[in-house]
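Chemist: What follows is the residue order along each chain.
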Amino acid sequence: MAVSETPPVVAPAPSVRTVDTGTNFRHPLYQVLLETPGLTVGTAALDDLMTWGLTNAMWIFPMATSCCGIEFMATAASRVDIDRMGVIVRATPRQADVMVVAGTITTKMAPRVLKLWEQMPEPKWCIAMGSCAISGDFYRNLYSVVPGVDTFLPVDVYVPGCPPNPEALMHGMMRLQEKVRRQRKGENVVPEVKPELLKITQPSVPRLTDPSRPSEQSHQQELSSDDPTTTEETAALVVPAGEAPTLAPLVAADFEGLLGELGVATLPTDGPPIIPLAQHLELARRLKAIGYKQLVTIAASHWPAGKGRKGADAAEVEHYEIAFAVRTIGQGSRVASWAVKALPTEPVLTLSGIYAGADWQEREQFDLVGVKFAGHPDLRRIMLAENADAHPLRREFPADAHAAPWR
Amino acid sequence: MLLHFGPQHPSTHGVFRMDLYLDGEIIVKAVPYCGYLHRAVEKLCEKLAYVQLTPIVDKNDYVSPMTNEQALVMAFEAMLKLEVPRRARWMRSLFAELQRIASHLLAIGTFSLDLGGALGGGSTVFIHCFRERELILDLFEDVTGARFHYNTHTIGGNRHDLPAGWGAKVKAALDVIEARLPEYGAMTLENRIFQQRTKNVGVLDGELALELGITGPNLRASGVDHDLRRDAPYSAYDEVKVKVAVAKAGDCYARSEVRVAEVKESIRLCRLFVDGMPEGPINSGKPTKLPVQTKIPVGQTYVGIETPRGELGTWLIADGTQNPYRLKIRPPSLHSLSALPYILPGQTVSDAVAILGSLDPIMGEVDR
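For the protein sequence lines, the chains are E and S, in the order given. Quick note on numbering: the numbering used here labels position 88 of the first sequence as 88, and the sequence is numbered without any gaps. Quick note on numbering: the numbering used here labels position 109 of the second sequence as 109, and the sequence is numbered without any gaps.
These are calculated hints, taken from the structure and not from any lab test. Worth double-checking, as some hints may not be accurate.
Claimed, not checked - Coverage of chain E stretches by chain S, computed from C-beta distances (three or more under 8 Å per stretch; other residues unrestricted):
{"hint": "1", "region": "134 to 144"}
{"hint": "2", "region": "268 to 277"}
Said to hold, decoys possible - Derived, one-sided and incomplete: chain S residues facing chain E with beta-carbon distance under 8 Å:
{"hint": "3", "residue": "7"}
{"hint": "4", "residue": "15"}
{"hint": "5", "residue": "39"}
{"hint": "6", "residue": "43"}
{"hint": "7", "residue": "56"}
{"hint": "8", "residue": "130"}
{"hint": "9", "residue": "228"}
{"hint": "10", "residue": "231"}
{"hint": "11", "residue": "299"}
{"hint": "12", "residue": "300"}
{"hint": "13", "residue": "302"}
{"hint": "14", "residue": "315"}
{"hint": "15", "residue": "326"}
{"hint": "16", "residue": "364"}
Beta carbons: idealized from backbone N, C-alpha and C, even for Gly.
Based on the sequences and whatever the hints tell you, model everything.
Modeler: Spelled out as structure tokens, the structure:
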């Protein structure tokens, strides 16, 4: 995935917004020179000089958000050293000519990216680096990701890859220089569409319809089949029914003793023991007292009506199950975990008074799953924007809902 | 005064925002905001089959993809009660240790960049660190074909075997890195300016760090002797003795100190793993015709491993189908960042940059 085989694609004319990208750019001084009698002969040479200057000192504003940002750093660092092309990385948009969008842009980030782009002085160009910036990659259908920055920025060069190699970004820069040179000469920069290239997208090798192979359709059916006994090989990977995995590391002896004191006699085999909501804080306090000092995680899950753990009381109605895990420190570190069940209207008492780290964890679970924690000091959204209206990890929320304005 | 710091700022290590309430140059209150890189990974995981998840989690902590994959597949293996062959376990540990070196090199390099002009233009250490980091990326490229986002861990073992002569290449690279470590020491830990910028800056108390769930070098720099490689061994760590680096001070200097010490320890461990690499299969020997059909029986589990940034955990709720019902990733960086409101007040704005850099957060896994 990281090795990009296709060369960077030079974009056609900007489609979303008409932006002056160099063709019409004239410095005020240039205009004065142009209007001065006797100097018109020199302007062609001056034009060349400006083109030379523009293309050999393209300063980059790195809009580096994620993995591509690391490859961008590698491009700027010792081995590839993009400095030798006259490219200097500037951390402020006001001193940059090229914005390299390296990484996933989320709906929360997109307005900021646009604002930064608008702060860049003309002439300016944009490179979309990596699959996420080009199309959103595999996040493209999800609720929080913008499916490609060309939905709101005029992209000049696309550098494919996940992430693109430093060499690929270098190539992209060279293609941009070439594009600017041609643009300044007034040439058409829309690449010529070669018919033989279009053919590549058609399946040229009839692999799956080969009679010696199973047809594509039957392959699809096999994939979507829910029957666990389709092949012997897959069956070998699945633990036979009735033999649920033991969760020995989750329930250490001292924790079991504590559970016994609280009246939890039988330990479930399909997850952490479920504690009544009223005893939840008491258990946490006692665990901390016997050495479980570190908060590990809080994981809430949403169970619609009719779903839930087997043998649990509230399996039939819609509820949340919130699991907590804490850990002992030092040699032989153990994890203790327990869960509580809560109806959607039922608030769960916050753990943040006992473990300070529960603050952010509970905010996250509130934001994504929708669990309400009572007594929490600051129960705001943490991942989504403040004005978001849904809790995306609830089961009814679709996994392929495009991000709102880009839907 | 209210100062917005980020979300696009070269020293926020990605996209992260803080509202700093200032009195002159002193921070009175800090309110962090994250979620600018929230890519909905946990929702995506509910949609995909188990074997399709390794390339997804690669992108969470994009500075150490190897350990991301490991934490994920180990949770699946625990639920399936799969025995991983010894060679695969050793390979995983070797990859994890190499990745730790690469990740800490990046952490030291970018931290020095954060400290800015004080360190010989700031970018000197960064450029040096990246030079050595490339050596490790080359090694991984030899094995998996990718510089990062490897997708080499599978349920029950590894996908790519080590190529012939790879062990010698690893040792050569380790020799180069080890020889250059004193150089880094001179440029950072022994540098008077570096010490002035980092000593007694951003002191984090050990008890608070535990409560916040901070793990990894940040916890060990606060004097807590805790490392899952030694305390809850997994993969091949039960067969080797891991020396844990601990510092007492809890400041930015201590955190850098621990990272440099861990690079040294990882180099030692890598040599052990290369020398003792057992022969044998690299996968559990149960090749599936349709791996995408791997089903995990009903149940829940939690598996945590020690990544370069701390305990990366996977809480898996399986409902017997091919997709996880709920997959919660426990990111160490999120917990590290939650310390900011506690340690920033009383420091100056320039120290805020140093403190944030010293925590070494990776936004990809903070926001997921």
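Chemist: If you take the shortest Cβ to Cβ gap from residue 56 of chain S to chain E, is it below 8 Å?
Modeler: holds (7 Å)
Chemist: Under a C-beta cut-off of less than 8 Å, do 3 or more residues of the region 268 to 277 of chain E approach chain S closely enough to confirm the stated coverage?
Modeler: holds (count 4)
Chemist: Using the nearest Cβ pair, does residue 43 of chain S come within less than 8 Å of chain E?
Modeler: Since chain E brings a Cβ to about 5 Å from residue 43 of chain S, closer than 8 Å, the hint holds.
Chemist: Are residue 39 of chain S and chain E close enough, Cβ to Cβ, to be under 8 Å, as the hint says?
Modeler: With a minimum Cβ separation of about 5 Å from chain E (threshold 8 Å), the hint on residue 39 of chain S holds.
Chemist: So, as I understand it, the hint says residue 231 of chain S touches chain E; can you test that by seeing if any CB pair is closer than 8 Å?
Modeler: holds (4 Å)
Chemist: Using 8 Å as the Cβ threshold, decide whether residue 15 of chain S counts as touching chain E.
Modeler: With a closest approach of 5 Å, the residue 15 of chain S hint holds.
Chemist: Is the interface hint for residue 302 of chain S satisfied, with its Cβ closer than 8 Å to some Cβ of chain E?
Modeler: Holds, because the Cβ-Cβ distance from residue 302 of chain S to chain E comes to roughly 6 Å (cut-off 8 Å).
Chemist: Measuring from the C-beta of residue 326 of chain S to each C-beta in chain E, is the shortest one below 8 Å?
Modeler: holds (4 Å)
Chemist: Closer than 8 Å between Cβ atoms is the bar; does residue 7 of chain S clear it against chain E? Give me holds or violated.
Modeler: holds (6 Å)
Chemist: Holds or violated: the region 134 to 144 of chain E covered by chain S, criterion of 3 or more residues with Cβ-Cβ distance under 8 Å?
Modeler: Since three or more residues must qualify, the claim that chain S covers the region 134 to 144 of chain E holds, with 5 doing so at under 8 Å.
Chemist: Quick check on residue 364 of chain S please, does its C-beta sit within 8 Å of some C-beta on chain E?
Modeler: holds (5 Å)
Chemist: Using Cβ atoms only, decide whether residue 300 of chain S comes closer than 8 Å to chain E, and label the hint accordingly.
Modeler: holds (4 Å)
Checked against the numbered hints above, the structure breaks none of them.
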